[in-house]
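Enquirer: Below are the chains, spelled out letter by letter.
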Amino acid sequence: MIRVEGVSKQFEETKALDGVSPSVPDGSLTALLGPSGGGKTTLLRVIAGLEAPDTGRVLFDGDDVTRAPARHRGIGFVFQHYAPFKHMTVEDNVAFGLTVRKRPKPEIARRVHELLELVGLDQHHQRKPSELSGGQRQRMALARALAVEPRVLLLDEPFGALDVRVREELRAWLRRLHEQIDVTTVFVTHDQEEAMELAEQVVVINHGRVEQCAAPHEVYDNPANEFVMGFVGPVTRVNGHLVRPHDIQILSQPGEAAKEAVVTRLLRLGFEVRAELLPAEGDPLIAQLSRAEAEELELAEGQIVHVRVDPAQPARVPAH
Amino acid sequence: MSRIGLRTAALGYLAALVLVPVGMVFYRAFEHGFAAAWEAVTTPQAQHAFYLTVLIAAIAVPANAVFGVIAAILLARRDFPGKRLLNALIDLPFAVSPIVVGLALILVWGRDGWFAMTGVIFSLPGMVLATIFISLPFVVREVIPVLEEEGNEQELAASTLGGNAWQVFRRITLPTIRWGLAYGIVLSSARALGEFGAVSAVSGRISGRTETMTLYVEDRFQSFDLTGAFAASVVLALLAMAVLATMLLLQRRTA
Amino acid sequence: MTVGWLTVIVLIPLAAVVAKSLDGGLGDFWDAISNPRAVAALKFTLGVSVVVAAIDAVMGTLIAWVLVRDDFRGKSLVNATIDLPFALPTIVAGLTLLALYGPNGPVGINVAFTQIAVGMALLFVTLPFVVRAVQPVLMSLDPEVEEAASSLGARPWTVFRRVILPALRTSVLAGVGLAFGRALGEFGSVVLISGNLPFKTEVASVFVFAQIESANVESAAAVSVVLIVASLTILLGISWFARR
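Chains as they are written, first to last, in the working numbering: chain P, 1 to 320; chain C, 1 to 255; chain V, 1 to 244.
Rather than coming from a laboratory, the hints here were simulated on the basis of the structure. Since the structure is predicted, the reported quantities are computational estimates derived from the model, not experimental observations. Hints may contain errors.
[Said to hold, decoys possible] Using C-beta positions, here's what the derived DEER-type ranges look like:
(1) N164(C) with E272(P): 54 to 60 Å
(2) Q47(C) with F72(V): 41 to 47 Å
(3) V39(V) with Q222(C): 24 to 30 Å
(4) R84(C) with P25(P): 27 to 33 Å
(5) N164(C) with P136(V): 36 to 42 Å
We treat Cβ as the ideally placed atom computed from N, Cα and C, and that holds for glycine.
Model the full structure from these sequences, guided by the hints.
Expert: Written out as structure tokens, the structure reads:
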């Protein structure tokens, strides 16, 4: 289990981290989610030991590792661009951690083979990283990090540099891998869909502060503040509150608490429909409904409808 | 200007300035037959000059290679006060006339010098020092761009995997810079083998003792032994071409 | 440790030169460098270096252009020969020019012992600087920019003058700076072909050498200091300029 206590880090003019104290439960898969420059990568690197915090502590299972350099923390780190050892084969890359620990050759060979099989790269073991695809290099970087049996696995935007399709495949693959290898894993991402899909716990970081630290559905349904709500899903503004567009109900007949509005634009996006609405009073808002619902209402641009927030009290956050 | 016109101008300039003159050296060397040329470069004096040249290079180049790698790592990876000064100092040998280098060394190590020591000036150590001075920048300047382009991510990764400083250097840094290092060593060697002015000043040109190949060429010329001068020049020119060929090969490897 | 090595190898010797030059005080320093022969050598060196640098700027850019934009058989060989002046010992360089353009040269031209000879030697040794500085920049130029200019109606020479040349400006200047610095201090290639005639073809470095040989060490040091200052100014000038 990782505990971060009151960590701050200043870079020249920016305060990258401001007294953050998230914790990561044993064996969990945690996402550090936030916009670029928000501090999430800095936090990851502080946990890794690649940056030293100005204040605060980092504890692994109760051991204070704050002053320990990265190579003594027992971590596995996967860099954003994988940092492959370009002059070595895949095999030698994965073996590196064990080689520098002077493990006996047969043991190294066995473990490397095991891992390459696990990540599906054993036919490529003699190749050089330049001959691999992005996704393959990613998996090699993971195997390499896992080879030393780290107590913590840290991933810096692991899927950022990959195509959408590859990204989706690897997400699913990582989740399966995590179930197999029960290592405390923390990954950094700015993609909220990725965080929601993969993580058991999401730490939302913005401007060097932890905005919320909870399970994905919690973060989505009960966002702590305006920022979290807006970052983690689509929002629209109604009556001085932020509300999810799919919590906006469109009625063809006037109903309780419903306002009159005209449909200014209708966007058909696959199975969902996004309607931009202009109420008689108030600011424009966006509603999201399924195709079926839209067809039932016979929605068209220019049509006058009645809108209200779903009376079943969905997530809402005061807006500024 | 037309394409052909430009091409002719460029090639003509190169031919007149470089290609034809170099060709002439070969011609004049073998003017009186291959045997005469061969004899001229295998006299004891010539052989000693050759041996001395190689010896000096064999000392100077590795010294500059080691220094070069260390300095390159410092300049590319670390920040420290006086970094700009260090950078400028390394370029100094490029800016200073070889004669001034010779003078400087005489003033330091010569009979009336600051660290007056016999056996430096007019002798091997002085010539080695001069050669180290003038071939100093090459390895540094070739390795730094490689280090900067690669970034330090691989080294960081190696460190997180448990490697200590030496292991990271030996297994990651060194292999990464190997082509830049090789190229720098080749350039440094070429410069060391071909140095004339600085070595001339500190050596006293004592034939058979402190005479390198380049000094030998001058000696032959001043003694009106033109065949000898040109023949020795051919040897040096061939060495230069070998250096160029090696450079080309290395460039292909890095591409 | 690195700094220590540098200090011993580079700094201390150069400091010794400066110190020696001031051995007899500023008065002696001034006398040494205002000696007519010294002045002649310095003036000639400066003048010929400027001319050579200018020619290098033009021919170097031209050659770089041909190497990058043109294609012909043997181009890579030609490209390799550009580095020959780098690799060839300076004394041999001088000898090669002497072989062709000297007293027994086959073409009947004899420029030995003339100022032209010095110029030629300097052109030889400074050839690669501008070429190698301009080549990579030329190669990385985006052809689309030139195409845009053409499509807007510019003729090839105009495109060159207004689009390409400005982009090359820094690299040409950098190359010229290096060439100039090299020319100022050049010794080996000049020493045979020029005859080293004082007041006519004697360059500063040869003058210094002569002073060393006749044990006028203070005089040698004084003129050396002038040379060092000149080269340093160029070096600093280039790096300051490059940073802009």
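Enquirer: Taking the numbered hints from earlier one at a time, note which ones the structure violates and give those numbers from smallest to largest.
Expert: Hint check: 4 fails alone, others pass.
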